[in-house]
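Engineer: The primary structure of each chain is shown beneath.
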Amino acid sequence: MEYLLHILILIGIYVILSISLNLISGFTGLISLAHAGFYGVGAYVASLMALNIHSPFLVNVLCAIILSGILGALVGAPALRIHDDYFVIATFAFQVIIFSILNNWVSFTGGPIGLAGIPQPIIFGWNVSSHIEFLLLIGSLCALTLWVSRRVVNSPFGRVLKAIREDEIFAQAAGKNVAKYKLQIFVLGAGMAAVAGAVYACYITFIDPTSFTIMESIFIISIIIIGGAGSLWGTVIGAVVLVTLPEVLRFAGLPATVAANIRQIIYGSLLIGFMMWRPKGLLGEYSFQRGGPGSER
Amino acid sequence: MSGSWFDINDVTKSFNGLRALSGFSCSVKKGEILGLIGPNGAGKTTLFNVITGFVVPDYGNVIFKGIDLVSLPSHKIASIGIARTFQILRLILQLTVFENTMLFFRDQPGEKIGNIFFRSKMSSKKEAENREKAISILESVGLGEKLFEYAGNLSYGQQKLLSLVCCFAAGANVLLLDEPVAGIAPEMIEKILSIISDLPRQLKSVMLIEHNLDAVMQVCNRVIFMDAGVKISEGSPLEVRNDPKVIRAYID
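Chains as they are written, first to last, in numbering that gives the first Met the number 0: chain A, 0 to 296; chain B, 0 to 251.
Chain B on its own, in the form it takes in the complex:
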């Protein structure tokens, strides 16, 4: 089980004639952190939306574990091991930190309405297990004291951290992180980056969209620079940074 296992092939998507993605291909290896950089409107978030089933591409496919994701609804994709965070932070602010995390565990018997009444033992047993897991995950990232705080009462940085933690609860193999460190305090950036750079050790792969180039240079093994829906440059962080095409695009 080495080498490529997550492939994006020739994905094309237009919105009202505007090409957001144009024949984009790439692959992600197990335990790799792949950075996606590029100017606003380059199609980075659209790519995430295609992978997670929120946008259906006009052409191309996304293969994960041998399954074509393009034909699947987003909730199925989420449940076979791909988790994502959103650029505009999405959390249920009216639920607690703990409850937000609990939402992400897979195969919860208590989420089936019949089980609430007819197999309540089984449901509550699983719920108790998940509860332990959620608490230990949250404690490990330093949100242990905020367990029963409403997500809406957290600082923006803590909310970003929480949305990352939710991906762990989902038990995902591939994490798609859309600007995980944008707009937060430096200490929190360090903390989130150290959590992300630890993920390959657990054989998890990461695709990361980020405008903070220092952060990208720090954690990514490989970087793709894209503009206008096309891959312009690909390679190690240093190679991409020094690529004349990339420099030109940023100066224009």
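If we strip away everything but chain A, and leave its shape as in the complex, we get:
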């Protein structure tokens, strides 16, 4: 039972992560490899605050959001001036920098040893400790993320995002300040990822830099590609599929060493298969392809 709850909690964390990245990538067309970086910033900020100044959980989450958002703006402001592949490379660089800082600033982040004994959250006297309580917490945060994202993408603001995704020049000709919109959604996505990080840290009670590597960023992008870029429910389905897949393999009776490799093979084949035959993902409305309508000629 606890095992099942654990899987559901992980799904919840990845739903928040992939929905926030979907706002940036699926709705605005900016493929970012930095998402695990913001996830990590959220986790470390919340943990360091809880461990060192014993501030309450909600304050930690708020600080994590703000700091991650500021970092998002700092990275975004220069990176958003460049396009396509160059943007991907710039976010990749940021991801590597964040990992290096977490891994090497030993006196502050604990370096490769990580941070242990992160206290469980207390929200207005509610001590979140059991699996079911964490599931409640993460479930309500997922609902909140979904609600916020729905409001955003269904608003006139979201309409502009989609226009930017399809044709920036058209959006400019319509009088939209493209750079401003990109920056705002990038900061919002970074802030949401930090929430996932903060909850993850409190749930596992231990973090180290290996949870926030480029592989994690690619995993989150895979959820979007398979679930569907530009679709909120598609993202949820993608998260369910990709998080449960390794667990299903576990029950297939394969030895652990083989299962880990098979998992990578399945991820890889899934990605290639989707890119080739169903680039819009399960429920998506946008495919990360060149030369489609509206792309730069």
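Since the hints were derived computationally from the structure, they do not count as laboratory data.
Among the hints, a few may not be true.
Unchecked claim - Cross-link-like lysine-lysine pairs, in silico, DSS-like; alpha carbons within 30 angstroms at most:
no.	chain 1	residue 1	chain 2	residue 2
1	A	279	B	145
2	B	120	A	179
3	A	279	B	132
4	B	64	A	179
5	B	132	A	179
6	A	179	B	75
In this text, all values refer to a predicted model and were calculated from it rather than measured experimentally.
Use these hints to put chain B onto chain A, whose structure you have.
Structural biologist: Below, chain B alone, put in the same frame as chain A:
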């Protein structure tokens, strides 16, 4: 407020040593339809790109309502009353006809991210107003039945019509139309031309690039013939058509 209010002065632009525009000047009066004709590569589209801020000229300025447009980014220029269409049709094909039109309204509170959550009443009220306007504009040009059709599902002529309609939603005073009737069916050409020739009555000015000379003769008050970035001839449509320099350029 009569006479010239939109001036292009001495605009020069080179691309890798190739002069696309060379000391080009002209002015557009209120309620005037000015045709720009000339062979391919004459610099007509470059001129539009300079006016709308997509290309920064090497020299010269563009003055509209007393503001120099050269130093402004394109989205600012679009929002002070200059709208354009593109030669290569640009629409968001994955959005509906209605949504494409809605994108062009100015000053939408719902386009500010904070307002979505903190002033949602105000945003949705304005959205409802714009919605009415968009529907009435689209109905007036006969796209009323296509409102919720994806722009990608329209015929090419309807798409050109839609991109023209978007300029109305933007509430522009000056419309720059790059080949509005190229490559579409005759009935649609008639329809678009009649819409364009009605614009001066609403005190809107139009600059029109078109290779279809009959269309130019039909709607323009004044025509400029340009070649290699230079103005060769200017005057009424008939004058320009009969100008020996123009005839020579077309025969060469």
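Engineer: Confirm or reject each hint.
Structural biologist: Going through the hints against the structure:
1. Distance check on the hinted pair: residue 279 of chain A and residue 145 of chain B sit about 25 angstroms apart at the alpha-carbon level, within 30 angstroms; holds.
2. Proximity of residue 120 of chain B to residue 179 of chain A is assessed by CA-CA distance (about 23 angstroms); at most 30 angstroms being required, the pair is judged to hold.
3. Distance restraint check for residue 279 of chain A and residue 132 of chain B: the Cα-Cα separation of roughly 34 angstroms exceeds the 30 angstroms cut-off, and the hinted pair is therefore not satisfied.
4. Between residue 64 of chain B and residue 179 of chain A the alpha-carbon distance is near 26 angstroms, which keeps this suggested pair within the 30 angstroms criterion.
5. At roughly 27 angstroms between alpha-carbon atoms, residue 132 of chain B and residue 179 of chain A fall within 30 angstroms of each other, so this suggested pair holds.
6. The straight-line distance between the Cα atoms of residue 179 of chain A and residue 75 of chain B is roughly 13 angstroms, inside the 30 angstroms bound, and the hint therefore holds.
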